[in-house]
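Peer 1: If you read the sequences in order, they're chains C and D.
With our numbering, letter number 108 in the first sequence gets 108, and the count goes up by one each step, no holes.
With our numbering, letter number 227 in the second sequence gets 561, and the count goes up by one each step, no holes.
Hints were generated in silico from the structure; no laboratory data involved.
Each residue gets a CB set at the ideal place from its N, CA and C atoms; glycine is no exception.
Be careful, since some hints might not be right.
To be verified - To give an idea of the interface, some chain D residues facing chain C are shown, with a C-beta separation under 8 Å as derived from the structure:
(1) S450
(2) L519
(3) A522
(4) A528
(5) W535
(6) L541
(7) R617
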Amino acid sequence: MDSLSLTIGAGEFLTLLGASGSGKTTTLRMIAGFDHPDAGAILMDGEPITGLPPYRRTLNTVFQQYALFPHMTVRENVGYGLRMRNTPRAEIGTRVVEALDMVQLGPLGERLPRQLSGGQQQRVALARALVNRPRVLLLDEPLGALDLKLRKEMQLELKHLNRQLGITFIYVTHDQEEALTMSDRIALMRNGRIEQLGPARELYERPMSRYVADFIGETNLLGASAIRRLGDARVHLTVGGTELNSPVSTGWRDGQPAWLAIRPEHLHVAAQDQPALPVTVRESVFSGQVTRLYTALADGAALVMHWPAGQPVPAAGTTLRVGWPEDRGIVVGD
Amino acid sequence: MSATSGAQRLRRLAFAAIPIGWVTVLLLLPYLFLFAHSFFRLRSGVLTHEFTLENYGRLFGTGLYPQTIFFSAGIALRVTLASLLLAYPLAYLLAFKVKRHKNLLYMAVIIPLWVSYLVRAYAWKIILGQEGILNGLLISLGLIQRPLEVLLYSKWAVMIALVHIYTPFTLMPLYASLDAIPAALKEASQDLYASRWRTFWHVVLPLSLPGVVAGCTFAFVLSMGDFIAPILLGGNDSALMVSNLVVSLFGVAYNWPLGAAVSVVMLVMTVTLLTIARGLEDRWSGKTVRRSGGKAVGPAGLRA
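Let the sequences and hints guide you as you build the complete structure.
Peer 2: In structure tokens, the structure reads:
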């Protein structure tokens, strides 16, 4: 871990996104109290919790492999936290039932974890954390072990729970699509630092660096040269032999190497008078919602575009002039 | 097709015949002989093949044999408890606290098993004897004037040696069961407001119970059946161990039928104990599920 500063609002859904080894899980474990920062402080409602052991922190965690107690029934698992806080027996009973109903596991209370499917175990883990009504819920890649369909369902469900309960969610994932779907804000992490922090749309449309543009969504990154500032937010540059103007990321410093980032869905065949890149079609791949056209610039650089549905797909070898709405491209630094 | 499967079946049978034959000749037949002998009559020192129950009558009729069995069980129980108290903290440290040289430390516990049993038992003779290391140490420290005689040749010496010899057997299953507990379970418990101690009590200890049962069974059964340590270290107390009684019945008194009867009783006790232990292990490791919606569910029912 390097240095990191992060302020999370009450009730917010914040995602720590990053590749493995980027420090996202370590950050979560520090908040939970399992790991300890060398320096610095963790505050909750203005109170320092840095020195508190995990069992003194009023937050709960949903673990990656669920970590359900195998020797306890679902009911005993969910009631564990309340029991450890010496909650009256009757209250434990009603709150466990409520929590199990909330995750639609009402009738399975007497089962052991091994008798449940992955999705059901996941819900038990969620109920076990939420039954304690924590201020903050930490989720460590909780959907990683589920199949795609179930994962999409759970993503929505988690988002709804976050809204309904008003609990702050801090969510760790390496899946950028999941992060985009669920989060109010995303902190994209790299080498123990936050590379960019902001709303999902901002990270997608206004990446601060080549790394962010590449990590989130599909992106074409084209090496740019002869860059000249036209103001705070725009530059003149040359890409693949074509001169053009483009917005520039606030993360780019003059003199840094630069790339032009364009999403495949913003590329189209350009009109005659528009600035455009000449490309040669290599192949096309149909994948349901979209047809991807894989093309190459004159210098060999690859460019992927989404071909509009219903139009005849050009054959390999065809040359095209490809353009995009100017404000849809962005120049980023390293 | 059927020809090959026939040949295959024959080959499989041939393979199976070796272990089956082995077990039959070396285990089942001797047990059968033992069992049969316990019903034979000894007529003026000569073994006859007449059926009788008088061996069992003598066994249960005189106080000596039940007393000896209880005494031995008491010794074995104490050895078991001491082994457990020594092995559990060590296994816990090995499983959770030691990060580096874990295998080395584990081997350090296991390696004594490669040293001959006799050497290990004799070592205690050297340590506890009148001219032994312990007496020497106590005298040089000025704690005692003359060497203590009670150290060696007493049931205490036997128990110390048995604890030393059988603790590794207790440690191995304990370590295996503790090591299999995922760290995330301890973290989950702490995350749910349980202190370290309560985490141990509610999560770690229950999940290690199968290892505790297996380890204790080893220590109890092995020390109950031990007869060499009592001979070497037990002095007059040695005669009080049931295995020594069996040895003298067979070897000295030449009363094979009575010796066989005592052995059969011990065998029945041991098998009963092992069956109970296995039941507990299965239950605590969750192989049989307590209940599911009111009816019992076995492991086969879970996969559905």
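Peer 1: Holds or violated: S450(D) as interface residue toward chain C, Cβ cutoff 8 Å?
Peer 2: violated (41 Å)
Peer 1: Quick check on the hint: L519(D) CB to chain C CB, less than 8 Å?
Peer 2: holds (5 Å)
Peer 1: With a cut-off of 8 Å, does the beta carbon of W535(D) approach a beta carbon of chain C closely enough for the hint to hold?
Peer 2: violated (11 Å)
Peer 1: Under the criterion of a CB-CB separation shorter than 8 Å, is A522(D) in contact with chain C as hinted?
Peer 2: holds (4 Å)
Peer 1: Next item in the hint list is A528(D). Is there a CB on chain C closer than 8 Å to its CB?
Peer 2: holds (5 Å)
Peer 1: Holds or violated: L541(D) as interface residue toward chain C, Cβ cutoff 8 Å?
Peer 2: holds (6 Å)
Peer 1: Answer holds if the nearest beta-carbon of chain C is closer than 8 Å to that of R617(D); otherwise answer violated.
Peer 2: Cβ of R617(D) sits 10 Å from chain C, so the hint is violated.
When held up to the earlier numbered hints, the structure conflicts with 1, 5, 7 and fits the remainder.
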